[in-house]
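Enquirer: If you want the building blocks of each chain, they are given just below.
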Amino acid sequence: MTFTISPPPHVKSRESVKSVMWGTVAALIPVSLAAIYLFGLPALMVILASVIAAVVTEVIIYWAASQPITAGDGNAVLIGLLLALILPPDIPIWIPIAGSVFAIAVAKYIFGGTGTLIFHPALIGFAFLLAAWPTLLSTASTPHLGSFSDLFLETGAGRLIEVSPALVLLGGAFVLYKRYVDRRVAISATILLIPSMLILGMGWQLPYILTGGFFLGLIFLAADPVTSPVTKRGRLVYGIVLVVLILIQLHFNAYFTGMCFAILLMNAFGPFIDKNTVPTPIGGR
Amino acid sequence: MPTRVTLCEAQEASALKIATIKTPDQVIIPLQQHAGAVCNSLVSVGDIVSAGQLIGDGESRIHSSVSGEVTAVSELPHPTGKNVPSVVINTHEGAEKEIEPEELSTGKLRHIIREAGIIEPNGLSTLRTKAEIDTIIINGTNTDDLSSNAALMLDYPAEIVYSLKALMELVGAKKAFIVIELNSEALQVMRTETIPDRNIKVIATPMYYPPGTEDVLVKNVAKKKVPRGSTPEDRGVLVSSIAAMKAIYDAVHGIPMIKKVITVAGAVGSPRNVLVDIGTPIGHVIEECGGCNGTPAKIIVNGAISGTAQYTDQVPVIKTTTGILVQTEKDVNREPPAPCINCAWCVDACPIGLMPHLLYGYADSAEFDRCADLYIDDCIECGLCAYICPSKLPIVQMIRYGKHGIAEAEMEDLS
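Chains as they are written, first to last, in numbering that gives the first Met the number 0: chain A, 0 to 284; chain B, 0 to 414.
To be clear, the hints were calculated from the coordinates, so they are not data collected in a lab.
Treat the hints with caution; some may be incorrect.
To be verified - Distance ranges between label pairs, derived from CB positions: (1) A:Thr115 to B:Asp56: 51 to 61 Å; (2) B:Asp376 to A:Met201: 43 to 53 Å; (3) A:Ile117 to B:Arg227: 30 to 40 Å; (4) B:Arg227 to A:Trp203: 51 to 61 Å; (5) B:Pro205 to A:Asn275: 45 to 55 Å.
Said to hold, decoys possible - Distance condition first, Cα-Cα at most 20 Å in a straight line; then the derived SDA-like pairs of lysine to any residue: (6) B:Lys81 to B:Glu380; (7) B:Lys329 to A:Arg13; (8) B:Lys391 to A:Ser18; (9) B:Lys16 to B:Pro156; (10) A:Lys11 to B:Pro156; (11) B:Lys391 to A:Thr1; (12) B:Lys222 to A:Thr279; (13) B:Lys391 to A:Pro67; (14) A:Lys11 to B:Ala371; (15) B:Lys391 to A:Ile4; (16) B:Lys81 to A:Gly112; (17) A:Lys231 to B:Asp377; (18) A:Lys231 to B:Gly360; (19) B:Lys16 to B:Asp249; (20) A:Lys11 to B:Arg399; (21) A:Lys11 to B:Asp330; (22) A:Lys11 to B:Glu380; (23) A:Lys11 to B:Glu328; (24) B:Lys223 to A:Ile281; (25) B:Lys402 to A:Thr279; (26) B:Lys329 to A:Glu14; (27) B:Lys391 to A:Ile281; (28) A:Lys274 to B:Asp347; (29) B:Lys174 to B:Thr191; (30) A:Lys17 to B:Pro335; (31) B:Lys223 to A:Thr279; (32) B:Lys81 to A:Ile4; (33) B:Lys81 to B:Ala308; (34) A:Lys274 to B:Ala371; (35) B:Lys200 to B:Lys223; (36) A:Lys11 to B:Pro336; (37) B:Lys391 to A:Thr3; (38) A:Lys17 to B:Pro338; (39) A:Lys17 to B:Val331; (40) B:Lys329 to A:His250.
Ideal Cβ positions, reconstructed from N, Cα and C, are used throughout, including at glycine.
Given only the sequences and the hints, what does the whole structure look like? Please build it.
Expert: This is the structure in C-alpha cells:
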C-alpha cells in the first residue's frame with residue numbers, strides 16, 4: 000500500500016489566492032450593478048472594456064514570456080474592475096482599454112507580478128490616463144457640494160464608484176471581515192481621517208470623503224494586501240501616514256485624484272516601513 | 000491573532016473515553032524515542048523478555064512493553080521518517096513482571112523519572128536540569144485537535160494531581176498551573192480535583208492553535224519571557240505535560256513508561272482515544288479502531304498541522320506519539336503553490352512574532368544570513384503560517400531548509 004508523504008501541515012485553510020481575488024471582485028459587484036443602473040449602458044461598456052482588456056493583456060504577456068498564465072486567479076479581473084470603477088462613464092471606449100493595458104503590462108508584469116509589485120496597478124493605470132488625456136477624464140458632475148452625499152444612490156456622481164457609498168461599504172465590510180484586504184490599514188485610516196479633517200478646519204470637505212470613491216480608496220486600494228506593508232506595526236504607521244498625505248492632497252488637489260496620488264505615494268513607502276518595523280520574537284533578543 | 004484549526008468533526012464524549020486494544024502479535028520498540036543519541040540494546044535475538052523489563056539504556060531508558068521473544072534487533076522505520084535500531088519482540092502470554100512499588104520520597108522521584116524512561120511529547124525528559132524551579136506549567140491543551148490530554152484528565156484526574164504535587168515537592172515549586180482549553184470537558188473535572196490545593200491553578204485558554212508552545216505558555220501563564228538561546232527552566236519555569244504526569248504516577252507505582260494514550264482520528268471506523276503498548280505498529284492500532292474508511296491516502300503521526308506523514312503503516316507508536324490521523328484522497332491537499340501575495344496572514348498568525356513569508360523568500364534564494372537576521376532560529380515549526388497561507392506555500396519546509404543551511408554554514412566556520 001502506498002501513502003502520500005509530504006511536509007506538514009497536512010491540512011490547509013480553504014482560502015487561496017483565487018478566493019481572495021475573486022472574493023474581492025464579488026464585493027465590488029453590488030456597486031458595479033448600481034453604477035450600471037444609474038449610468039446605463041456606458042457604465043457597462045467601461046467595465047467590460049477594462050476587465051476584458053486587463054485579462055487579454057495578462058494572457059498575451061504571460062504567454063509571450065512563456066510563463067504560466069495566471070489570469071484565472073482573478074487578479075487581472077480585479078485590476079480591470081477597480082480601474083473601471085474609478086473612471087467616469089462618458090469616456091471613449093479606448094480609454095479604459097489603454098489604462099488596463101498599461102496597468103497590467105507596466106505596473107503588474109514589469110514589477111514582477113502579483114506579490115512583488117510596488118504600486119497598485121489600477122492606480123498606475125489611472126495616473127497614466129490622467130497624465131496622457133486629462134481633458135477626457137474630467138467628470139460631468141461631482142457629488143453634491145456643501146451637503147452630505149446621499150448614502151444610497153448618489154445622483155450627482157461623476158465616477159462609477161461614486162454612485163453608492165453604502166454599497167461600497169457593504170462590499171468593504173465583507174472583504175474586511177474575510178481579511179481579503181488589510182484591516183489595520185483600512186480601519187486606522189478611516190477612523191483617523193474624519194476627526195483630523197474637523198480639527199484642521201477642513202470640515203467643509205467632509206462630504207467628499209463620505210463618497211463611494213473615498214471608501215473604495217481607503218478599503219480596496221490603500222489596504223490592498225499586495226502593496227500595503229506586512230508587519231503589524233508597519234500597517235498602522237502606513238494608515239496614519241496615508242491620512243497625512245491625503246490631508247495635504249485635499250488641500251491642494253481635486254478630492255478624488257488627490258486621494259489616488261496620496262495612496263500611490265504611500266505605496267512607495269511600504270517597503271521602507273516594513274524594513275523598519277521588523278517585530279521582535281516573543282522571547283526577546 | 001487566535002486562529003482555530005478545525006480538522007475533524009467534534010469529538011463525541013464517548014470517543015473521549017479511553018479504550019484498550021488487543022496486544023499485537025509483534026511489537027517494534029525503537030531504541031531512540033527521545034531527543035538524543037540512540038540507546039544501547041541490552042537484549043539480543045532469542046532472549047525472552049517480560050513486560051516492563053529494561054531493554055535499552057543510554058541517554059534514556061527503554062523497557063519492553065510486552066512479554067515475549069526477541070526476534071530481531073535491526074534498523075526499522077521510525078515515526079520521524081528515518082530508520083532507527085529497534086528491538087522486535089514476538090509476544091506470547093506471560094505474567095507481567097512485578098516491580099516492587101517504591102516508597103515515594105523527594106530524593107527518589109528524580110531517580111524514578113529517569114529509571115522509568117519518562118519522555119515528554121516533545122522528546123525531552125521531564126526533569127532536564129537542576130535549575131531552581133518556582134513554577135510548574137502543565138499543558139493540558141489538545142494539540143492539533145487530538146484529544147488524548149482531555150481523555151487522560153477525565154479518566155485520571157486524581158493521579159495527575161498526585162504526580163503534580165509530588166513533582167512540586169521535588170523541585171520546590173511554589174505554584175503550578177494546569178492549562179486547559181475553555182471548551183474542554185476536562186476543565187470542570189480538574190477544577191473540582193484541585194479545589195483543596197490552593198497553589199495549583201487551573202487556567203482556561205481560548206481555543207487556538209498552537210496552544211502548547213512552551214514559550215507562549217510561559218509568557219501567558221507565568222508572565223515570564225524566554226529569551227533566545229535559553230529554556231523556560233532558566234527562568235524558573237518547568238513546562239510538562241498531562242501524559243508525563245500520568246507516566247510519573249505509573250512509575251511511582253512500579254510501571255515504567257510502556258503504554259501511551261493516543262488519539263486515533265480522521266477516516267477510521269471509530270475515532271477514539273486508545274491505550275496502546277509502546278511499539279505497537281500504527282497499522283494495528285488503525286485496524287483495532289475499525290480500520291480505514293475507504294483507501295487511506297496519508298497516515299500522519301502526531302496531528303494534522305505539525306505531524307509527520309508516514310510511508311508505511313508498520314512504524315511503531317513511541318513515547319512521543321500523541322495521535323494518528325488517517326486521511327483519504329479527498330482530504331489531501333495537492334494544490335500547487337502560487338507566488339506570495341504579501342497578504343501578511345502568516346505574520347498575523349505566527350505565535351512567535353516572526354515574518355514567515357520573508358523567511359520563506361530568503362531561504363528559497365539561499366540567503367541564510369538574512370534568515371538569521373529575521374530570527375529564523377526562533378521558529379517552532381508549528382505550521383500555522385503554512386496552514387493559513389492562501390498561496391499554499393510550503394513555508395515550514397523552507398524554514399527547515401533555512402535552519403539547516405545556517406547550521407551547515409556554522410559547521411564550516413568551525414572546521
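Enquirer: A separate judgement is required for each hint: does it hold in the structure or not?
Expert: Taking the hints in turn, this is what the structure says about them:
no., hint, in the structure
1, A:Thr115 to B:Asp56: 51 to 61 Å, "55 Å, holds"
2, B:Asp376 to A:Met201: 43 to 53 Å, "50 Å, holds"
3, A:Ile117 to B:Arg227: 30 to 40 Å, "33 Å, holds"
4, B:Arg227 to A:Trp203: 51 to 61 Å, "54 Å, holds"
5, B:Pro205 to A:Asn275: 45 to 55 Å, "32 Å, violated"
6, B:Lys81 to B:Glu380, "19 Å, holds"
7, B:Lys329 to A:Arg13, "13 Å, holds"
8, B:Lys391 to A:Ser18, "12 Å, holds"
9, B:Lys16 to B:Pro156, "13 Å, holds"
10, A:Lys11 to B:Pro156, "34 Å, violated"
11, B:Lys391 to A:Thr1, "24 Å, violated"
12, B:Lys222 to A:Thr279, "17 Å, holds"
13, B:Lys391 to A:Pro67, "17 Å, holds"
14, A:Lys11 to B:Ala371, "27 Å, violated"
15, B:Lys391 to A:Ile4, "16 Å, holds"
16, B:Lys81 to A:Gly112, "40 Å, violated"
17, A:Lys231 to B:Asp377, "18 Å, holds"
18, A:Lys231 to B:Gly360, "19 Å, holds"
19, B:Lys16 to B:Asp249, "19 Å, holds"
20, A:Lys11 to B:Arg399, "19 Å, holds"
21, A:Lys11 to B:Asp330, "10 Å, holds"
22, A:Lys11 to B:Glu380, "15 Å, holds"
23, A:Lys11 to B:Glu328, "14 Å, holds"
24, B:Lys223 to A:Ile281, "10 Å, holds"
25, B:Lys402 to A:Thr279, "18 Å, holds"
26, B:Lys329 to A:Glu14, "17 Å, holds"
27, B:Lys391 to A:Ile281, "26 Å, violated"
28, A:Lys274 to B:Asp347, "17 Å, holds"
29, B:Lys174 to B:Thr191, "17 Å, holds"
30, A:Lys17 to B:Pro335, "12 Å, holds"
31, B:Lys223 to A:Thr279, "16 Å, holds"
32, B:Lys81 to A:Ile4, "13 Å, holds"
33, B:Lys81 to B:Ala308, "12 Å, holds"
34, A:Lys274 to B:Ala371, "15 Å, holds"
35, B:Lys200 to B:Lys223, "17 Å, holds"
36, A:Lys11 to B:Pro336, "12 Å, holds"
37, B:Lys391 to A:Thr3, "17 Å, holds"
38, A:Lys17 to B:Pro338, "12 Å, holds"
39, A:Lys17 to B:Val331, "19 Å, holds"
40, B:Lys329 to A:His250, "57 Å, violated"
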